[in-house]
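**Q** From just these sequences and the hints, can you work out the full model?
Note that the protein sequences, when read in sequence, are chains A and B. Counting from 1, one number per residue, gives the positions in the first sequence under our numbering. Counting from 1001, one number per residue, gives the positions in the second sequence under our numbering.
One thing to keep in mind: the hints can contain errors.
Unchecked claim - If the Cβ cut is set under 10 Å, some of the chain B residues that face chain A in the computed set are:
no., residue
1, T1058
2, G1104
3, A1123
4, G1181
5, H1184
6, R1185
7, S1332
As the list claims (entries may be wrong) - Covered stretches of chain B (chain A as the covering partner; in silico rule of three or more C-beta atoms under 8 Å from a C-beta of chain A):
no., segment
8, 1037-1044
9, 1059-1073
10, 1141-1155
11, 1186-1193
As the list claims (entries may be wrong) - Computed far set for chain A versus chain B, every beta-carbon distance over 10 Å:
no., residue
12, R60
13, R89
14, A229
15, V341
Think of the hints as simulated: they come from the structure by calculation, not from any bench. Just so you know, even glycine gets a beta-carbon here, dropped at the ideal spot from N, CA and C.
There are 2 protein chains.
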Amino acid sequence: MSSAGSSRVTMAEVARRCGVSPMTVSYCYNQPDRVAPDTLRRVREVAAELGYRGPDPTARSLRRRHNGAIGVVLGEHLAYAFEDPQARRFLAGVAEVCRERGIGLNLIPTTGEDEDVDRVRSASVDGYIVWTTVDSDPVLPVVTGLHKPVAVHGGPAVPGARLVGIDNRAAARELAARTFGGAHRPTVLSFPFGRDRRSRLETGPDPDHVAFPVTRARLLGVYDHCRKAGLDTCRLPVAVVARNDRDDAAAMADVLLDACDTDAVLAMSDQLAFAVLDSARRRGLHVPNDVAVSGWDDGPDARREGLTTIAQSLLDQGRACALIALGDRGPSGPAAWTASVRASTR
Amino acid sequence: MSSAGSSRVTMAEVARRCGVSPMTVSYCYNQPDRVAPDTLRRVREVAAELGYRGPDPTARSLRRRHNGAIGVVLGEHLAYAFEDPQARRFLAGVAEVCRERGIGLNLIPTTGEDEDVDRVRSASVDGYIVWTTVDSDPVLPVVTGLHKPVAVHGGPAVPGARLVGIDNRAAARELAARTFGGAHRPTVLSFPFGRDRRSRLETGPDPDHVAFPVTRARLLGVYDHCRKAGLDTCRLPVAVVARNDRDDAAAMADVLLDACDTDAVLAMSDQLAFAVLDSARRRGLHVPNDVAVSGWDDGPDARREGLTTIAQSLLDQGRACALIALGDRGPSGPAAWTASVRASTR
DNA sequence: CTGAAAGCGCTTACAG
DNA sequence: CTGAAAGCGCTTACAG
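**A** Structure representation (structure tokens):
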């Protein structure tokens, strides 16, 4: 029965009304066993009467010196994080651990501007997870300088943070071998190179110009294969999309199929691969005979569409990051991956 | 240049080393204009030297009496929230507002157990958003008793919280009219009725037994139409899925098409409608001639598949909830919806 | 432009 | 089983 008025009742107030000391009230909430049953009952009664809802979480955090929450730093467009299947799966893994341990999950959007640093610093969290970002992200040195555990997913690898992710270069090497075998005009449909996110067509781009380490590693893996297979990487068409979205990528998929007349596309995600499949379908092209297509991540739709793709568990990687941010050691070594080979490649 | 050792430097420490008072240091961070340029410079130097990273966010929150964060209470399986297209879109809207206002977004998973209440109470947030839940959710009275602004999405409507959402009953009424017109054996593919999430087939279930108000309202809307059209609601087959997932719903879609021999399915989401389309395709059934199908939410895939569906902006509803949780008035009246009529219905 | 004082609401060894 | 004391790290009127 909470009395209406009292908009902010403190523990001290409850104590006074009960005729006990504040710490006895505190014990009622934190170690009820230590309190005499009668006292406990009285305190609870008075608390209910006064509308006291229990200890203030912020005061408690300050006193205890921990917040019971971890922060997830997400790049540029938080809305995309919810749309992107990989990011979702990853966050689901983080969320699982949070639920198991009863701790909070604080999403920290960043925009690439100066306020990012303040936003990140002013989050009341015990540890951080940084979602894959560019090498020079100013948030990185800030977050690693906070004396709190930090996990970075994907990359970059920085001192003071644990890196979680697969060996993208090795996986790309294998996927290129599966995708480009028997092809004459192989191409790549790539994630953005940097934060500018300009959609465009490049030819044999210099990996050093790629600011996202995950994207760079995948490109390097493709180049590794090309060199081994005697393909000239300088002539390799690489279409860059503005974001990882099936519909948005349609235009660049069309460019690869039309202007480049490609017969094998390695796409850096399942979504991008689907854009190519859509485009091929519109043109009446047969997959894989006219054009081989491969993707990345092996989401549920990949199986449905018979897509060759790199399988990895973003869920597990999310879990690993959460454990690290919580101060655990987490798993050692890179995450696992396999190639799921299906009918979309020769 | 941060010195390595010092694992926790306080403002008081910086002040001492600078030979100024703590509040001068505080002003350097909060109102730098009020501080003499020389003092400001010195304080910054010493702070950098000592590895002081600025005011502790928790202490600042306690002192300022606000946290700069809102909490989003999500039901049962947080992982599902990231997989569910509606929830994602909604969260994206919430996130947009958070980014614009520079405030944190705290995800609070609940499990339906007793600890939920503590978890919700102990989040350091200034306001709450509750994602659609059951009438009797124990979190509801707790969250509305905290003297902080609360927005509930979908339902239930409770005193002390603002409700955001569309008129589900009216929308369902119209959708039923579009879907069931010309059909002889109409059926419904429904969200779970309660937290038990048992998948099953019911016949003319009593809406009062549906614990989720959103689901109940949609069922009531369907019944409204049936009565007007002279259909016997007591015989209406309603297949209930365990969760809103295309693949998971396959079994119940099959049941409707096989055991019920239905020629019109109103599904409560696009995902469930796709499960019916998948099932119809496997059987070589023509849509809409053999079976009319409709969904709900009008996501990007709905247009691609030519699905008749209820269009609403979960993004805008997410934004509205965020504004309310931040203490704004938010929009008044129910949210907007329209019927997107396409080729999947007659 | 800077400081002394009070206090945000709570918890934790430590006595008794 | 309960209390006096100290303090978590900071900010805010208020003087000067």
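**Q** Hint by hint, where does the structure go against what was stated? Just the numbers, ascending.
**A** 4, 5, 6, 7, 8, 11, 12 and 13
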